[in-house]
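Fit chain G to the known structure of chain R by using the hints.
Protein sequences, first through last, are from chains R and G. Okay, so the first sequence: first residue is 1 according to the numbering used here, each after it adds one. Okay, so the second sequence: first residue is 1 according to the numbering used here, each after it adds one.
Mixed in with the good hints, there may be bad ones.
Claimed, not checked - Below, a sample of chain R positions facing chain G; criterion: calculated Cβ distance under 8 Å: (1) F37; (2) P85; (3) E106; (4) S262; (5) L269; (6) V273; (7) L276; (8) V278.
Stated by the list, open to error - Derived coverage of chain R by chain G (criterion: at least 3 residues anywhere in the stretch with Cβ under 8 Å from a Cβ of chain G; other residues may be distant): (9) 108-119; (10) 222-234.
Rather than coming from a laboratory, the hints here were simulated on the basis of the structure. For glycine and all other residues, C-beta sits at the position ideal for the given N, C-alpha and C.
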Amino acid sequence: MRLFVDYTLSGVSAGMVYAAVALGLVLIWRSTQILNFAQGAMAMLTTYVASTLLEHSFGYWAAFALALVAGLVLGAATERVLIRPVEGRSAIDAVIVAIGLLIFLEALAGAIWGSNPRAFPAPFKLVGYVIGGQPVEFTPFDLFIVLAVLLLMGLMLVLFRFTGVGLRMRASAFAPEVARLLGVRVNRMLTLGWALAAMAGALAGVFVAPKVFLSPTYMDSILIYGFTAAIVGGLESPVGSLVGGLGTGLILSYVGGYLGSSFQATGALVLLVVVLMVRPTGLFSRVQPRRV
Amino acid sequence: MLRHLSFALMAGIGCYALSVSVSDFANSQIATVALFTIAIAGLSMLTGGTGQLSLGHGALMAVGAYSYAELELHNPKVPLVVGLAVAAGATALAGCVLGVAAARLRGPYLAGVTLALGLATPQLADHYFNSDQGVPVNLTPPGSVQPDHWFAWITMLCALLTLVLLANLRKSRFHRSFTAVRDDEIAASLAGISVARTQIVAFVLSAACAGLAGGLLAIADLGATPGLFPLTLSIQLIAGMVIGGMGSLVGAVWGAALIVYIPIWLDDIVNSPSSTLAANLPQIVFGLLIIGVVLVAPSGLQGALRRGMAVINRRIGRSGAA
Numbered sequence: 001m002r003l004f005v006d007y008t009l010s011g012v013s014a015g016m017v018y019a020a021v022a023l024g025l026v027l028i029w030r031s032t033q034i035l036n037f038a039q040g041a042m043a044m045l046t047t048y049v050a051s052t053l054l055e056h057s058f059g060y061w062a063a064f065a066l067a068l069v070a071g072l073v074l075g076a077a078t079e080r081v082l083i084r085p086v087e088g089r090s091a092i093d094a095v096i097v098a099i100g101l102l103i104f105l106e107a108l109a110g111a112i113w114g115s116n117p118r119a120f121p122a123p124f125k126l127v128g129y130v131i132g133g134q135p136v137e138f139t140p141f142d143l144f145i146v147l148a149v150l151l152l153m154g155l156m157l158v159l160f161r162f163t164g165v166g167l168r169m170r171a172s173a174f175a176p177e178v179a180r181l182l183g184v185r186v187n188r189m190l191t192l193g194w195a196l197a198a199m200a201g202a203l204a205g206v207f208v209a210p211k212v213f214l215s216p217t218y219m220d221s222i223l224i225y226g227f228t229a230a231i232v233g234g235l236e237s238p239v240g241s242l243v244g245g246l247g248t249g250l251i252l253s254y255v256g257g258y259l260g261s262s263f264q265a266t267g268a269l270v271l272l273v274v275v276l277m278v279r280p281t282g283l284f285s286r287v288q289p290r291r292v
Numbered sequence: 001m002l003r004h005l006s007f008a009l010m011a012g013i014g015c016y017a018l019s020v021s022v023s024d025f026a027n028s029q030i031a032t033v034a035l036f037t038i039a040i041a042g043l044s045m046l047t048g049g050t051g052q053l054s055l056g057h058g059a060l061m062a063v064g065a066y067s068y069a070e071l072e073l074h075n076p077k078v079p080l081v082v083g084l085a086v087a088a089g090a091t092a093l094a095g096c097v098l099g100v101a102a103a104r105l106r107g108p109y110l111a112g113v114t115l116a117l118g119l120a121t122p123q124l125a126d127h128y129f130n131s132d133q134g135v136p137v138n139l140t141p142p143g144s145v146q147p148d149h150w151f152a153w154i155t156m157l158c159a160l161l162t163l164v165l166l167a168n169l170r171k172s173r174f175h176r177s178f179t180a181v182r183d184d185e186i187a188a189s190l191a192g193i194s195v196a197r198t199q200i201v202a203f204v205l206s207a208a209c210a211g212l213a214g215g216l217l218a219i220a221d222l223g224a225t226p227g228l229f230p231l232t233l234s235i236q237l238i239a240g241m242v243i244g245g246m247g248s249l250v251g252a253v254w255g256a257a258l259i260v261y262i263p264i265w266l267d268d269i270v271n272s273p274s275s276t277l278a279a280n281l282p283q284i285v286f287g288l289l290i291i292g293v294v295l296v297a298p299s300g301l302q303g304a305l306r307r308g309m310a311v312i313n314r315r316i317g318r319s320g321a322a
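Isolated chain R, as found in the complex (with noise of 0.2 Å):
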């Protein structure tokens, strides 16, 4: 029973990263239909870069707000440098590029700063609460990341819902052509879409760095649970990437608590595969006909 709740919290805590990342990609994918893999590679760069902005002597707070606002303009730049060129061509086309700038980032982090893991600090202290005379598997700091998650899924809804940047955002998105007809910056629209993706991913980037310590490639695993949590939540939506990425969270915690660690990336391979199998627009989209 213990370890269940423990599995659990540690869940809910993971969840909420997997659905920052699911979140960045959520945003990519409605407007470009462009699953970002290179969305991983990114949030460890601004994290490092965090990192580095640390070592001279900036205060954490700084340094976390730095790392969103590199998210912002390595999302931006991408958009306009990279995936421009390649938008209206086919789907495998932008996949690939991605692909590219994954190795490239991995190799140029490694480069820069050295394979070697290091240490990243967290705000708030990594030590359990403690429930009925017993420490549980729920940190300060995991509570920082629930609720920090929260506010950014809130934020976006209230960019998206009530805000004329976010309807333009939307109508960019869902019908270009017309948005563009009445006078709407599409192209803008899309690179602050990446801007903020990007952004969500530095926050998920931060938020796991102090657990498994930070390399060039930590955030391979981690952009693969956000990928499944995403298509658990059906690719549309922030609220479905908070679902989706506490679903995915819980399960993948139960199988890494229950099974054994080395069993989480295959317990993500069959949740995917279930998930695409049964709904493969995802559990909780409205159906969409494929259109001939």
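Structure of chain G alone, referenced to chain R:
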């Protein structure tokens, strides 16, 4: 068919001549090029053929490697040919399972699933097959033949056989249905082609190539270990395929040669083997090349060569007419 066989015969003689005239070390490099040619040709046939992108072919190579190593561990007397056939067959079976799933998935979804496979496979291999140590493999050449030479010959022979088979496939009904499925699934099924079956066949053939290459890689490394099959292996195969030219068999040879020799050239240029830059430079170059080729020359090196040849031919033709 005859044309491909005679080409292969000439190439085989050329390879043999090359192999006996260079050092042992160069022979092992040639063998690596040949085994990557097999894997990349298979991947390229899949992606260029039916348009399915797999980011998990490194995992399929692992299946081939571990099948070969396990078979040899339990039956040390088994002939090499049988071992490699089992490696290719076992991987084809894995590819069939994966292909059934893949046939229901479109582009980026399939890419994601195969990426997850690439992450999961080394972890499973680590868990079930003697962790980091892996499964050892021996190679005993007949008589007084140098092991490096012997292995290079076997690998080149496998590569040539694979290329001949794939070249014949390109002229067959199957390959036309691959292209039909890639270009328009609905039109293809209207024309009486079973889209799912075509995609599964392509996946199985491609997996068999990866399995053969994996078995050879296990021999080259004297064992199958999880460390041989990181996610970056799959990405290297993608790099070779894209740089050489997707869908082209000759391009697969270019791509394989480049992913083997670029790191060696870069090592010579940087000339400081211990620095972190030297360790990461090949991947940096591969990343840039992948992006550059897709953005600037989507048909890769072989496409560029073919265009260049076409221009030259036209010039010659024109001057001949005048």
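Inset, instruction - Hints the structure violates: just list their numbers, smallest first. - result: 8
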